[in-house]
Amino acid sequence: MLSYRSLVAAGLLLIAAVPPLAWWWEASLVRHMLMQIPMLVLAGFLLGTLVAPSPDLGVREERAGGIAAVLLATFCVTFWMIPRWLDAAVASHRVDAIKIMTLVLLAGLPLAWGWPRLGPVARGFVWVQAISMAIVLGLLYLTFPNRLCNSYLVNEQAILGIAMLGIAGFLGLAGAVPVLFGANNGSPAPRHPGARVDP
Amino acid sequence: MVAENPRVFTIDEAGRRIVAANLVVAGAVLLAMMLLGLTMRLGQSGWLEVPPARFYQIMTVHGTGMIGIAALGGITVMWYFLSQYVRLSTHILTANLLLFLIGVVIILTADFIGGFAAGWTILFPLPTHGAVWPAEAAFWHLLGLMLVGAGLLLVALDFGRALIARYGSLGRSHGWPQLFGLSNDPLPPPTVIAGTMVTIVTTLTVIGGASIMVPMMINALNPAFTINPLLAKNVIYFFGHSLANVTIYMAVVVIYELLPLFAGRPYKASRIFVAGWTGSTIMVLIIFPHHLFMDFAMPQWASGMAQVLSFTNSFPAMLVTGFGALALVHRSGIQWSLVSGLLFLSLFGWLAGIVPAVIDATIVVNSVMHNTLWVPGHFHFYMLLGVIPMILAFMLYLTRDRLGRSPEKDSDMWALIVYLGAGLGFVLVFLYSGRHSVPRRWAVHWPEWMVYDRFASVFAALVILAAAFFIVRFLIGLRHFLSGR
Amino acid sequence: MKHGGIVGIMVVLLFGTAALWWGSDGFTTFTAESARRLDVARSPRPLPAVALEDQRGETVAFEDFAGKVVLLNFVYTRCTTICTVLGSEFEQLRDEIEHSELEGRVVLVTLTFDPEHDGPKQLARYAERYGGADATWHFVRAPSMDDTRRLLRAMDVVVVADGFGGFVHNAAIHVIDPRGRLVRIVDSDAIGEALALARELA
Ligand code: HEM
Ligand SMILES: [Cu+2]
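Chains as they are written, first to last, in the numbering used here: chain A, 1 to 199; chain B, 1001 to 1485; chain C, 2001 to 2202.
With the rest of the complex left out, here is chain A (with noise of 0.2 Å):
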């Protein structure tokens, strides 16, 4: 049965990862960082929200699991964040087709695994993870005076800091508007001050 969901990972697929249109987006910094690695992992997303089973939150090895699965997605962007990697997936196509299969199942499977999982605290410290990498990569690619990508100009090094840095403000913005100005009512006192939760 095709789902709504299921259609639009292999559409997001049929667009970022298919040849012609790959090497588009491949062939501008911006479109390669921001547009298309985004696709391939929202596309394994998606899919792994099909395959996942729901998470049994009372489980504590569910946790773990959880944790360990967004860390290897963790690992995965991180990898392709990499100037090097980037200019190796333009030079070369089985780099590039490992860079999109990677990005696909141990990124965006494993994230759609792995977030539901996580409790509140672990979810805080990624997103806080999040925003300092999108800070040092912003910081990084609009200061570095020379080019860290032979495939690209300098000048798209900048004008990707700078959207670096506006996901970053984006980031702690979507954060801190439900955090410090949420709607819901909380709830009583704990009856045994002083006592261990797990959050």
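There's no promise every hint is true.
[To be verified] To give an idea of the chain C side of the interface with chain A (calculated C-beta under 7 Å), a few residues:
1) 2008
2) 2040
3) 2044
4) 2158
5) 2160
What the hints contain is simulated information worked out from the structure, not anything from laboratory work.
Note that CB positions come from ideal geometry on N, CA and C, so glycine has one too.
Once you've looked at the hints, dock chains B and C with the ligands against the given chain A.
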């Protein structure tokens, strides 16, 4: 609703154990770092042979370690009292301690064996281009700092989770609906308001710290990967000032919670109180993006203002705390004890420490005195006489003075007087030397400065004796606390 | 599987760090440019045998320089930026070489990656800007575009259109040993380093 200030604090066994472990580590590291501080002063006074390279390693370990235990002790104080209002996790507090310890081991190795000595402020490009130490040492020192920061972040996120679960949002636990007249509900307790501020500021601090330390770590391994030094300086200032300030925001709740026990009245939050803390929160929120996304074409005055703001963001919170505490004890027939004495000492340290800070932050003076001993004078004032007494008061309260009624011995009062007198003497020597333009961070001093250094050494030794006395008292009483009497 | 999750975290940490370590040669090499330099220094590369043509229109080949050290750079003659800098840097190099014992043992080669535009005439004109070609300094192209691509690929030189009709390209000095292998790549302004290497190899 629980009472404004519970008279009896409860904590389960797992919580007791991890709180005790945190405090034991904090107390031990505090003494060790104080001894390192004394070593520096002895070296400058010519009483002890400290080679320059060693001096800077010691200074780096001392500064980093002190800020580290101020944060560890402070977050433990905050955790203990906040857990009376919201449900916190002992696992997370344990994870923090583990990360702290691993970080400390890495930092000690990087500094004393690796030779890293760029100071606690890690001002770029010195750490990675110091040439005196291998770049790997800088890498490991920074990694150690990152681990300590990750631990603090976890606890802050747990605070945030618990506050949101209980109050609905951080805005509400900060008392904003009441502040802006949108709600007539009773205000959250002072500890909850301060806890909210700590959650926000710690998170921002760690984001700032990671944003500059990750590039510096890469730069250490690969010099071709450059960093804009002006930008680095801004972010490091933000990180350093915020981290140093947040330790006092954490520890200060000991005053809100314990002073009422001695005064017999509750410490109630008021709208002014909320406004004061909100003022501090907002100042941090403003300087955060300012330092981080620093505009390169920024006019000079804007950069100067951010600098001053990051010095002064604690003032609103400090003023409302000071006035609140004075109102609380005014004609209350307060009971004097070691703990209440330490609480007052800490209030004095925080309030009086403002004077040198304001003078330093005034830009004109800043350019004259900023690289003198005036600067360590100002931050030792509120650290040694503000944050540390708060943490000591908490330790002693837990282990021997829980109801504020245990009989005081003469020795207790003497220790208190020595700590105050010698502590004050120690920071005043820093300030006085600063007035006379003695530079900071000099391993070897000219003979005419050595008089100051010798006075400072004597004062430092006395402070250490008093602190050791308190910590031994704490250790002796630990069994009682752990047994949960 | 009581500790499955924790073990999972450890495994991911281990493999993740290992992958990043491998992918950045121990966290030292983050850009393709430094990666190619590191790789060349570790394992020298033979150059493909391609027919070249110099500024006089005469056929040459890298084999002609066998037994000599070749310092090679890539340009296109319409370039108004980096290639002019590269040119004056090679001019300095020639000065140093011709005033030392290296004369005759080290040659300079400037190769255009735009053979469709840069024929012998354009090359000669470019050479004139730096005092002209001589026995030390040769200006060449690989007339066939395919050969040019093979050459660029063998050295991992990347040329991208800059959107204004020109190109952006790696600026570096490629050091080729007397056996005709690419052995090192150094910064284009690292004249001293290039000479020291040449002295060592010659
Ligand atoms: C007996 C107590 C102490 C002594 C003898 C002492 C001594 C010193 C000395 C001599 C310096 C070097 C100053 C300079 O030349 O710039 C220093 C720096 C410093 N101290 Fe202390 N100190 C003591 C307590 C504390 C406490 C309680 C804290 C904080 C909780 C602290 C935090 C720092 C920091 C952050 C630095 C700056 C390090 C750097 O510049 O990298 N110290 N201390
Ligand atoms: Cu050019």
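Results for each hint:
| no. | hint | result |
| --- | --- | --- |
| 1 | 2008 | 4 Å, holds |
| 2 | 2040 | 14 Å, violated |
| 3 | 2044 | 20 Å, violated |
| 4 | 2158 | 4 Å, holds |
| 5 | 2160 | 6 Å, holds |
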